[in-house]
Amino acid sequence: MTAAVPRWRHAANGLTLVGILAIAAVVLHTAPDRELQQSPITVTGALGERASGRNIAATVQSVTVTESVTAGDGWAGATTGVWVVVELTVEAVVTDQAAVLGTAVLRVGDAGFSASTRPGPATVAAASLATGIPLTGPLMFELPADVAASAAAAHATLELAANSDPRVDSQIVVPLDLTADEPQTSIDVAYPEWGAR
Amino acid sequence: MLRPGWFRQNRLALLAVLVLLPVTLGIMFAYQWLGYFERFPSRPVDVATGDSIQYGRSEWRIDSTDRFGADSARGQERGLPAGTDLIVVTVRVVPSSTGTDKEHDLCTVRLEETGGEHPTRSWANATGAAVPLTGTGPDLTSCSRELRTPYTFDAQFVVPADTGDWSALTLGASVVTELPEYARFSLD
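Protein chains in written order, with the working numbering: chain A, 1 to 197; chain B, 1001 to 1188.
Since the hints were derived computationally from the structure, they do not count as laboratory data. Wrong hints could be hidden among the right ones.
Claimed, not checked - Covered by chain B, according to a simulated footprint, are these stretches of chain A (three or more residues, beta-carbon under 8 angstroms):
1) 86-96
2) 119-129
3) 191-197
Think of the CB as a built atom: it goes at the ideal place given N, C-alpha and C, for glycine as much as any other residue.
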């Protein structure tokens, strides 16, 4: 026969159990979910300033909304909307292995627009990057005209990453105001160029 | 709170937890990470300047290292972008005279910069890298599977002009069959 367990010990065990459950609840509700665990590591940049992440550094020089654009190799693509042309300089920071400008997305409100690959090598979209050697050239985005003129366009963001899947890696995010200047009728942009300018 | 002797009564279970928990974590770590590092050149075998090494089915040695600026005649001929240099590393390879072509080494060479103000940086052989070169390049820019006699190849790297100013440059040569080990040659 063992001695009866005193009441205070029942109460203490109950309190301990409640405490453990409370801690577990806090951990459960504050732990990052899978999406957050794998989300890109954002590096916020600004127009005209260099932003640098783990293996990508970029400087956005300008952004222009235009009805038509002619690339450095003479390519001119028709669009039913407008072109948003972003001039930037981009490079890999530590390695050129698998370093490609695979993520170049313009976000306006809830909508995301990938950089057009229609101009081929006349843009830096999907271009291979070199370690420490800047590549300067345009990114071209096709947007519906009403989206480019919407209120959300004043708070657009450009997302850049050195691969097509930027999860758990650096992603440069540059806020852009697409409504700051009047849309152009047409512009010419230079062919992408390697090296310091 | 606890009855006297509780730890003694449960010592075997507690001991099992103390042993099994780190063992489980160790196995998970080894499974997740060691296998990952085995798949790429992650274990360098250092080779001093001028020395040779038997690696894979060949003997390797650095014969010379040359460097050209973008403004030099050679740099302009190769179309180097402004602010870059071309580093050419001549590697001497003495392959084993036996074995089929498939058994011989196809290699990957990379230039690596360590120390200095930058984090460790590396560059691929210009043949497969992003920056295009113009003009006449060397005949052989990487290993050969066909050659059975000693030969040299010229690995070329387009790098920023400040590369190696305050840091050490090494050439890493790897062959798939020897991974994760790779030969890491110090350059002048």
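List of violated hint numbers, smallest to largest: none
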